[in-house]
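As they're listed, the protein sequences go chains A and B.
Here the first sequence is numbered in this note's numbering, starting from 1 and rising by one per residue.
Here the second sequence is numbered in this note's numbering, starting from 359 and rising by one per residue.
Please keep in mind that the hints were generated in silico from the structure rather than gathered at the bench.
Certain hints may be false.
As the list claims (entries may be wrong) - Chain A stretches covered by chain B per the calculated footprint, using a threshold of three residues with CB under 8 Å from any CB of chain B:
1. 279 to 287
2. 331 to 338
Stated by the list, open to error - Here are some chain A residues the structure puts well away from chain B; computed CB gaps all over 12 Å:
3. P57
4. I148
5. V155
6. E196
7. E314
Cβ atoms here follow ideal geometry from the backbone N, Cα and C, with glycine treated the same way.
Read off the chains here:
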Amino acid sequence: MPLRLERQENISPLRHALAPLVALLVTLVVGAFMFVVLGHDPVRAFAIYFIDPLGDPYTLQELVVKAAPLLLIGVGLAFCYRANRWNIGAEGQYVAGAVLGSWLALATHGTEAGGWVLPAMLVLGAIGGALWGLIPAFLRVRFGSSEILTSLMLVYVAQLGLDYLVRGPWRDPQGFNFPQSVTFDDVALMPLLMGEGRLHAGIVIALLAVIVATFVLGRTLVGFSIELAGSAPRAAAFAGFDEKRVTYGVFAVSGALAGLAGIIEVAGPIGQLQPTISPGYGFTAIIAAMLGRLHPVGILIASLVLALTYIGGEAAQISMRLPFDVTRVFQGTLLIAILAADVLVRYRIRRVEGATHA
Amino acid sequence: MLDAAILGAVFASIVAAATTLLIASLGELVAERAGTLNLGVEGMMIVGAAVGYATAYGSGSLLLGTLAAVLAGVLLSLVFAGLAIWLATNQVASGLATTILGLGVAGLIGSNFVGTRLDGAPELVIPGLTDLPIIGEAVFGQNAYVYASLVLLAAVTYTLARTRIGLVLRAVGENHAAAHALGHPVRGIRTLAVMFGGACAGLAGAHLSLAYTPFWASDMTAGRGWIALALVVFSAWRPLWLLGGAYLFGAVSILQLHAQGFGLGIPSQLLSSLPYLATIAALVVISALKHGQGAPASLGVPFVPDR
């Protein structure tokens, strides 16, 4: 082999932080190329996509609103991925949480129910997501089924279940046959942070999740057992950590946070149940978790970056008539770039002179 | 209620639905037998569907469209191979990235063709045989993709089991260190296997957009790439078992459509979720029975020489 990867010892923290930046840069170059291929001026496209949203107070708020679900789900996924458990069905857990939480909003609709409704909805949302997430965990622990495929299949099942509810039993009878539920009562809606605008209390919850997760993952035995289960499962077994408990634990946490994100989104920016309640947050959050290097604070930054691709995508849809798929191309490229950049930071590519040296 | 004509049409459509799954899962099986888990099947399939449709629509040639689809699948598989094999990145994450990118690229290409239609691939007509009741259309009245999928199945089965290439490929998948020590280019062989998987996924996509439903719809693969991945597990990595698996799943997805048509009072969404639920059930049953046996020993483990 003419080229060989050599592991670098003692990588400086600076070099570590460099990888996401390099990945972003590569993504922008690929993006420029894509805009040229699509017949657009790349400079103008970049301005519309990435610069203009940052200068407008309304879109800045929208950026934070879109980053919140990515952040919540991504922090949960960090638990799974650190433990080397591949939950890729967060989108389904998000929907399951939204459905279970909304059940209470619809059951108390039009009654005198008081301020307890919203907190109870959030708890139900977390439970719904956790239960949906525990299904692949159970199937893996009990039968050894691949959690990758089962968690993903459950996304389709959850989405079809939601579709059934909003077109069937939960449809608003006064809704002119539109497939949507009634608009939630005020006690079932997320309060706005400044009394008006777009920022809602769910953003605070997401930030709290970052603080708690940073502590749990970095400073507690639980965090250590998760880390060990992922990087050295045999050592974890010898140390007496129960592999099954780790599986159940990380799926419950990531499911709960995804479910919480779902009910916050429905009770917040959307305000009612619809057939589609997510532009793929559950999948984009996977990228957020990776780009943020499975660290809650990193995921916070990554969520804002990825939220920008959503906002920019919407702007480009309107002003440049570009399909929304541009956003998916950006997100996919970003994930590919971060995976590659991670390796190139940790390893050095060496040219090997002939086979005799090998 | 069910006369021979309806039954014949049902069987024919089961064969058509199974063909997409069979082609895609054959390619993934080869990649996995070489030790690489490529979760990018869904992305490669939909890129094949989009590129194939765009090329066939522009050129008027289904053959050109099919070739372009295969090429597109291979190109995208090279992205995965570069990451997972040559940079030794995490295979799960690399496959997901491939799928996300593929869905985006396919959407971009396909957005120009929303609302258009093509004449689908022509079907075989053998006077006397195709008119046979019940099985005539299913066996003797299919398009070229269906017969190609069966040829492909035979070729993969034979190559893996009986040829030197197949033996080396399996060795690389079972024990890459030993294969490397014997002088086999592990990463080169894995790259070729992944490229074959990409070609098959692209071909499956072409079958979808040029024959099965000859128009473009966004996200038209609807998880078929993921079901193909599950089928490989279901087959316990034996190509002949893919045939049974693919036709079983073809039957589930077609029968639920017909059940919706009959209006049995079952919510259509429940019926639509049957293929996905059946996938989960199949995975559970097979893993409960075998508990991980049959999987290539080096599956999913990146190979870094001299590590």
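Tested hints:
1. For the segment 279 to 287 of chain A, the stated coverage by chain B is satisfied: 3 residues place a CB nearer than 8 Å to a CB of that chain, which reaches the threshold of 3.
2. For a cut-off of 8 Å, the count of residues in the segment 331 to 338 of chain A with a CB near a CB of chain B stands at 5, and the three-residue condition holds.
3. With a least CB separation of 30 Å from chain B, P57(A) remains clear of the 12 Å interface cut-off, as annotated.
4. Its beta-carbon lying about 6 Å from the closest one in chain B, I148(A) breaks the requirement of being farther than 12 Å from that chain.
5. Against chain B, the non-interface label of V155(A) is violated: not every CB pair exceeds 12 Å, the least being about 8 Å.
6. Residue-level check passed: E196(A) sits 35 Å from the nearest beta carbon of chain B, beyond 12 Å.
7. With a minimum CB-CB distance of about 15 Å to chain B, E314(A) clears the 12 Å threshold, and the non-interface call stands.
The structure fails to meet hints 4 and 5 from the earlier list, while all remaining hints are met.
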